[in-house]
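Those protein sequence lines, which keep their order, are chains H and U.
Using my numbering, read the first sequence as starting at 191 and increasing by one per residue.
Using my numbering, read the second sequence as starting at 191 and increasing by one per residue.
By construction, these hints were calculated from the structure, which means they are not laboratory data.
Hints may contain errors.
Said to hold, decoys possible - Counterexamples of contact, computed for chain H against chain U with all Cβ distances above 12 Å:
no.: 1; residue: Lys207
no.: 2; residue: Ala271
no.: 3; residue: Arg280
no.: 4; residue: Ala301
no.: 5; residue: Asp409
no.: 6; residue: Gly468
no.: 7; residue: Thr536
no.: 8; residue: Gly558
no.: 9; residue: Asp615
no.: 10; residue: Gly654
no.: 11; residue: Ile661
no.: 12; residue: Gly762
no.: 13; residue: Thr789
no.: 14; residue: Arg838
no.: 15; residue: Ala840
Unchecked claim - Residues on chain H that point at chain U, a partial pick, calculated with CB under 7 Å:
no.: 16; residue: Ser201
no.: 17; residue: Val227
no.: 18; residue: Asp433
no.: 19; residue: Pro589
no.: 20; residue: Leu697
no.: 21; residue: Ala844
Just so it is clear, CB atoms sit at the ideal spot from N, CA and C, and this is done for glycine as well.
Number of protein chains: 2
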Amino acid sequence: MRTGIATVCLSGTLEEKLRAAAKAGFGGVEIFETDLVTSPLSPERVRALAADLGLGLDLYQPFRDFDSVPEELYRANLRRAEAKFRLMGRLGMDTVLVCSNVATASIDDDALRAEQLHGLAELAGDHGVKVAYEALAWGTYVNDYEHAVKIVADADHPNLGTCLDTFHILSRGWDTEPIEKIPGEKIFFVQVADAPKLSLDVLSWSRHYRVFPGEGQFDLPKFLGHVARAGYNGPVSLEVFNDTFRQADVARTAVDAMRSLIWLEERTARHLAAEASGPGADAPSPAELARASRAYAMPLTTLPQVAPPTGINFAEVISADGAPRTAELERLLAQLGFASRGEHRTKPVSLWTLGDARIVLNRQQARGLEPAISALGFDVEDGVAAAARAVQLRAVPVPRPSQANEEILQAVNAPDGTEVFLCEDTRWIAEFGEDQARTPAAAGGTEDGEWSPSSAGAPPAGSGAARIDHINLAQPWQHFDEAVLFYSSVLALTPEASQDVSSPSGLVRSQVMQTARPEDEAGRRDVRLALNLAPWIQSDSVKGARTDTFQEHVAIEVDDLVAHARACRGRGLPFLPIPENYYEDLDARYGLEPGFLATLRELDLLYDRDAQGAFLHFYTASVGSVFFEVVQRLGGYDGFGAPNAPVRHAVQHAARHGG
Amino acid sequence: MRTGIATVCLSGTLEEKLRAAAKAGFGGVEIFETDLVTSPLSPERVRALAADLGLGLDLYQPFRDFDSVPEELYRANLRRAEAKFRLMGRLGMDTVLVCSNVATASIDDDALRAEQLHGLAELAGDHGVKVAYEALAWGTYVNDYEHAVKIVADADHPNLGTCLDTFHILSRGWDTEPIEKIPGEKIFFVQVADAPKLSLDVLSWSRHYRVFPGEGQFDLPKFLGHVARAGYNGPVSLEVFNDTFRQADVARTAVDAMRSLIWLEERTARHLAAEASGPGADAPSPAELARASRAYAMPLTTLPQVAPPTGINFAEVISADGAPRTAELERLLAQLGFASRGEHRTKPVSLWTLGDARIVLNRQQARGLEPAISALGFDVEDGVAAAARAVQLRAVPVPRPSQANEEILQAVNAPDGTEVFLCEDTRWIAEFGEDQARTPAAAGGTEDGEWSPSSAGAPPAGSGAARIDHINLAQPWQHFDEAVLFYSSVLALTPEASQDVSSPSGLVRSQVMQTARPEDEAGRRDVRLALNLAPWIQSDSVKGARTDTFQEHVAIEVDDLVAHARACRGRGLPFLPIPENYYEDLDARYGLEPGFLATLRELDLLYDRDAQGAFLHFYTASVGSVFFEVVQRLGGYDGFGAPNAPVRHAVQHAARHGG
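Model the full assembly from the supplied sequences, consistent with the hints where possible.
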């Protein structure tokens, strides 16, 4: 599939956009007229630059407000068009997008439109240009792609075809089935954009909220399946107007964009393979997929197939060696019941475990930065295949200088810099020496001297059934959609509907990405990841150097939360203090049994309920931007205690501001 | 009028919100339940704090999903309510907001609703609580305020009344006239919010896009007029959910909020006075206004009335004394044709004039900051009255240490820190001594040594008819709505529809605020101000310390732009270079006369056209974040050359990034 992107999707100057598109691997670009008009590069220079970069100049766009006008204006429009056709000659471009008229259309007559477009195509032919006529969703008279196709057929000129744009088609809810009946050679261009389902006027929706495929809610694989069946084999090009992308780093946006097309290409092949196998078929086999990818004029590249991860292998927190924050983290882990499993053979990295929950504490952070979650390990069946898939999806591999005798781990960078390890087992644990177990004392001692590992009759550290329940990562707002696409395309996690949670410094958008719920009684999901889009998190800042609403955490699931909380309290764990008002409100809402409510109150526990069960949890104080949560799921509770999130945010806010 | 604000409008903790509301002068607050639940303050502490601050606790809200439910749920809801009534007793609060059911309503029966609300009111009465029942715009069965009023009437209990919320009423387009027929004593509470007209689903619109009165498009004075006529005399309280306000500085938002209510109060009095004078009446006289403000149970405080300004008296640019940037600015002014009118008697400030355009160059900027527009003078009839009005609208006066014999000027701070001077004349010019005229050489010489004041036969500096045409100020995004309200309420400028302009670093929202267009042929407006909401401008940063998209400028109108541009070129002025592609596009669009086009090209001039006339303009290079524009309006052209803005942004972007 030939990939393309409109320059309007990217920030920066025309030259910056072309370079970023080429570097991300796009086959071609659409030149958005304003980008050319505002550029100091002559058309000849643009042509030469694109050639140097190996980038096709596939579409000049848009030419507006041409059709459905009186004769005099039609003549003026032809003159205007001819100037652009000459310009396209200098650019070496052969296809122009003409959108249905929205501003000057005054005559609603298909015969006249066909005649005027025929005249335009005739003139275009003289300049070696092809005209792709597109129905805008808000076109005055032509706003339905089938209508545009009919006019193109009536005009009947070899230099006139249509352009299909998913936004204009899917935002209006038009049936996409008839696409298959369009002669493939009459589809001159295909533009794809995704979008969240909004009930906003279609123009504002289009101008501000388009996203890349896989980041919204349109069924684009189905659309592109129709296009493939129609026999189209031209560029599939992104045209995404989005306020955020326009501001974000251009190179990063281009990679995100490219990933979205690779994802779409694969999903389209899978969609076609599934349809070929008939209704109710399971996931297509590699052979079926390969067949589907070659079945049409437009070849569809596919990727190594991976199953969703089956667990969180470990979480890594980074902190500076010898820093007081590092000692604080070690103390916190010990107070939580984690046991030190010793130091890595060759690196200043220690391993801490509690049951099956593994926390790696990496002390290689630069001084002056705050502790942060720096890596996550996911359990996968085939690490090499998973990494190969990730790399084909333009994820950047983590460079790993490995000593002899060390496990070779596959890892790629997530968009926010978190390292994602694709682990087949836990053999890497052997690289940590138990004989070198670190204790908080060894790490610089406690600050208040109160804690000792054997205090209060707590059970021995590291014992008890426990696992990582979920990870909560804070995301910079510019790259939120990118993160959603990354975790769904690379790791096969499923995004749920996002939720807004209030906090003293603004609304926090929470996006859960998780594996499917098994159908057994308990219904434990294997992997749960929550991405938080917090106000004020700045762009491309280094992890650990972020503002105060940047807080992320690891949540540990235990079997008996109340007992565990008591043991933690016995070890002096600093709990996040929960206001009394919360318990009064909880009581008003649920009428809890007084003894149970007293226990919640005593231990600073939070409580939630859903249709399937209940949730008990507590938070620790933060160390820098990292904290921990301990949870217990009762019955089939499937959430994250979202109604309690405002309490957490408010108490953390007060703690940071000394309130 | 008793003023109020819901704690949900403000950022921070409950205590921070209460303190900010009190400091801004609000009479009372609505306690939003989440703010209390997440607070470490006990209800008794909240009560005592509010009493200390002189702040009424006017409404506890919201109590949700009470009515239209089966018996068992009704009983549970009564228990839930009783817990809240007890809590309100501890808070010393007597009114609770009950919204129409959206989540659990299953029985659509007005008689049942009246019965259930009667039961709730009876229970409330036992606790000394009054219930204000409100129709949410998206209530399952009750979403129309008249419906809610009817149910309240049917329930017929002294402790049950209604709450009117402008958002829920005006977003649905309900007729507001019937408000006058509600018995005043049955209106227990009034909540006001404004909103931009959006065709968005009403829930998202409500949750994210409400703004303070005067910052949106609702006709709130008309609404409040009905409320006054109904005989209501309770709090008029802001309930504004807005993503931006939730993130902005709490003290500043509280002041903005207070200003909006003062504005609304005055506008309501004017609306009532105008209605009393009958249709077609002019602006009400002070006596009519005073009468209207006292005509109803709810007294309406009014403000000194001011006419819109009649001109821009001067613009002040601030820069550091002795800094290279300052020399650059002086050279730029001289090259533009400005003449130095000398140094201020007592301050390191110089005056530059070109015809009637006056630029004050203040050299008191801290070192290390970039030059910025620091003050604007507006021509007003009565400076003392205008300043008094501004101060009543919570604008902060500019402290002005004045020497003997200096003009006393009235000035207040705009929200972004720009000083706004209210000038009756230009007698302040006498404080500048022509004998001390500064020349760029005196200010440190030119950088390239090319410029000399007498070069190229340019006309003598400072000569020719000229005036300030408009000022373009960049605004931090958190305070954009606030700036609009400030300039409309304090200066009586009228906001036009805002426009989005593309730039290499994102869309720039441009908001024009101006005086009315005179009906004469030329149609020159007295004052034009353009506020630019640029991406990436950070919050409350100091002027001159902002990021690179923060660019603002002063535009000078001249009579013969081409001649002026030639003279400027003769003096070596660095023009913003306009790409050749722009002129080709211009030609394609307008088919301009070749000689004229050649002149535009030669002089880096830009061109635009509207239905009334045409616009010629050019820009200078930037010095820090400041640049200048020179314009000529041909015929009745009334715009700002917006189609050319992307060119300017792109060239400035490239200049900043060395592209």
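Hint-by-hint comparison with the structure:
For H/Lys207, the non-interface assignment is contradicted: its Cβ lies about 9 Å from the closest Cβ of chain U, within the 12 Å cut-off. Not every C-beta of chain U lies more than 12 Å from that of H/Ala271, the closest at about 9 Å, which undercuts listing it as non-interface. A beta-carbon of chain U is positioned within 12 Å of the beta-carbon of H/Arg280; the least distance is around 10 Å. Its beta-carbon lying about 28 Å from the closest one in chain U, H/Ala301 satisfies the requirement of being farther than 12 Å from that chain.
With a closest Cβ-Cβ approach of about 21 Å to chain U, H/Asp409 is found to remain outside the 12 Å limit, as its non-interface label requires. No Cβ of chain U approaches the Cβ of H/Gly468 within 12 Å, the least distance being about 38 Å, so the stated non-interface status holds. With 12 Å as the threshold on Cβ separation, the claim that H/Thr536 sits away from chain U holds: the shortest Cβ distance comes to roughly 42 Å. With a least beta-carbon separation of about 22 Å from chain U, H/Gly558 lies farther than 12 Å from that chain, consistent with its non-interface assignment.
No Cβ of chain U approaches the Cβ of H/Asp615 within 12 Å, the least distance being about 43 Å, so the stated non-interface status holds. For H/Gly654, the shortest C-beta to C-beta distance to chain U comes to about 31 Å, beyond the 12 Å cut-off, and the non-interface label holds. Non-interface status of H/Ile661 relative to chain U is upheld: no Cβ of that chain comes within 12 Å, the nearest being about 24 Å off. No beta-carbon of chain U comes within 12 Å of the beta-carbon of H/Gly762; the shortest separation is about 21 Å.
With a minimum CB-CB distance of about 19 Å to chain U, H/Thr789 clears the 12 Å threshold, and the non-interface call stands. Not every CB of chain U lies more than 12 Å from the CB of H/Arg838, the least distance being 9 Å, so the non-interface label is violated. Non-interface status of H/Ala840 relative to chain U is broken: a Cβ of that chain comes within 12 Å, the nearest being about 3 Å off. With its C-beta approaching chain U no nearer than about 6 Å, H/Ser201 sits inside the 7 Å limit, and its interface hint holds.
With a cut of 7 Å, the hint placing H/Val227 at the interface with chain U holds, because the nearest CB-to-CB distance is about 5 Å. At a threshold of 7 Å, the smallest CB-CB gap from H/Asp433 to chain U is about 6 Å, leaving the interface hint in force. Below 7 Å, beta-carbon pairs count as interface contacts, and H/Pro589 has none with chain U, the closest being about 29 Å; its hint is therefore violated. For H/Leu697, the suggested interface contact is upheld, since its CB lies about 6 Å from the closest CB of chain U, less than 7 Å.
With its C-beta approaching chain U no nearer than about 6 Å, H/Ala844 sits inside the 7 Å limit, and its interface hint holds.
Violated hints, in rising order: 1, 2, 3, 14, 15 and 19; the structure is consistent with all others.
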